[in-house]
Amino acid sequence: MLLDFDFGVIIRSLPYLGQGMMLSLSLTLLAAAGSIVLGTILALMRLSGIGPLMWIGATWVNFFRSLPLLLVIFWFYFLVPLVVQRQVDAFQSALIGFILFEAAYYCEIMRSGILSISRGQASAGYALGLRYSQCMRFIVLPQAFRNMMPVLLTQTIILFQDTSLVFVVGLADFMTSAVTVAQRDSRLVELYVFAAFVYFVICYSGSLYVKYLQKKIHR
Amino acid sequence: MIEIEHVNKWFGSFQVLKDNSSSISKGEVVVICGPSGSGKSTLIKCVNGLEPFQEGRITVDGVSVGDSATNLPKLRSQIGMVFQNFELFPHMTAMQNICLAQTKVLGRSQDEATERTQKLLDRVGLGDLGYKYPSELSGGQQQRVAIARALAMDPIAMLFDEPTSALDPEMINEVLDVMQELARSGMTMMVVTHEMGFARRVADRVIFMDEGEIVEDATKEDFFGKPRSDRAQLFLSKILEH
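For the protein sequence lines, the chains are A and B, in the order given.
Residue numbering for the first sequence follows the working numbering, starting at -10 and increasing by one per position.
Residue numbering for the second sequence follows the working numbering, starting at 2 and increasing by one per position.
Don't read these hints as lab results, they were simulated from the structure.
Please note: incorrect hints may appear among the correct ones.
In the DSS-like style, the derived pairs of lysine-lysine whose C-alpha atoms are separated by at most 27 Å in a straight line are [claimed, not checked]:
hint, chain 1, residue 1, chain 2, residue 2
1, B, K120, B, K133
2, B, K27, B, K221
3, B, K120, B, K105
4, B, K120, B, K27
5, A, K205, B, K133
6, B, K133, A, K204
Bear in mind that the values here come from a model prediction, so they are computed numbers and not experimental data.
Please model the complete structure; the sequences and the hints are all you need to start from.
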């Protein structure tokens, strides 16, 4: 049986699998960047003390955390073209879905990050004549980001794993490319083992880096 | 310079400040003392609007702090404040701590701010430590950086909220020395402190607070010579005995 395995198929398909990986990585990075920005804005809204803004932030978080990501991706594939009244490619609609969905999780991370900074820090900023926005931008948020960096990265690793869900809208990410090759060449075991290995290496080195960061921050 | 008129403040149903009135003129150094929980810190935080108050009026250089039309950031930039826990920004070097508000609030150029900062670091005796982060400095050094940071805004008055309470005993004097030099230079100062030696040497007037009231507001000589109230006498006897 073992002799039947042909791992050469992986080498022959590397350019195609590489394209899939590029799509997975660019989707991860763009979605993470977008949802960290949006999540931070939502966190500021939740902490603003202004009724309507707090309500919007809280509702957003509760809404998206109650839905399966798969449904959101699927939904935006059909919804976004209707809203903007023109064809939108699958990558863009998936990206928007990911940003809106993940923002709910990054929001809660940033919220606890902001709350971890003592009130005295903001007071010191105000006492120097800084406005609220300046206090946040120069004093509170940089410290909150730094404290929360390990958690933000962990969430981004989860996001990277979740990008494999884009197969539902026909995008060829790394996982989907592996499946395509596996079925085309009837090499299921080889390709699935390889895909698992690649995901493991990337995510595990990410986790190790998170551990290193945690140590560095708590030193 | 600073006028405090009939200020009342509540935290919920608890009244922290009861009909506080006082007046501090230009160049005057006023020490505020009293048992903990007496409202001293709350009172000076009302002066630059860090704490809101419900009744009464506080004006600084003619500008009303509690008025909603007042440009609070602008007013605060003219009043320096030094905190018990220093509150330096830990992600910035001493130099960056002092430069930040100069460039962002006063609109000074980076070069101008750096030059001013170096002068102030020299003045507080930390001329060669500007590149250090707060965590690399001792408590006394951090507090001197905090004083320099407040002075960088060219304030018309300075507020000190128990500036030496969080310091190890051997570092208290280096901070008091800087404050004393500042007082000699004619700065208007309100200082919440338990350092009665500092009050004796530097203060023009002493305000004694207890349970939210200003119990005594007297010249230094009167306060240490013959305090009128029993409460002030009791406080002084407790604090000076040891």
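Structure-based check of all given hints:
Only pairs whose Cα atoms come within 27 Å are accepted, and K120(B) paired with K133(B) is accepted, the gap being roughly 16 Å. Straight-line distance between C-alpha atoms of K27(B) and K221(B) comes to about 17 Å, which keeps the hinted pair within the 27 Å bound. For the given pair, K120(B) sits about 19 Å from K105(B) by alpha-carbon distance, which is consistent with the 27 Å threshold. Proximity of K120(B) to K27(B) is assessed by CA-CA distance (about 24 Å); at most 27 Å being required, the pair is judged to hold.
Note on K205(A) and K133(B): the hinted pairing holds, with a Cα-Cα distance of about 18 Å set against a maximum of 27 Å. Simply put, K133(B) and K204(A) have alpha-carbon atoms about 21 Å apart, close enough for the 27 Å limit, and the pair holds.
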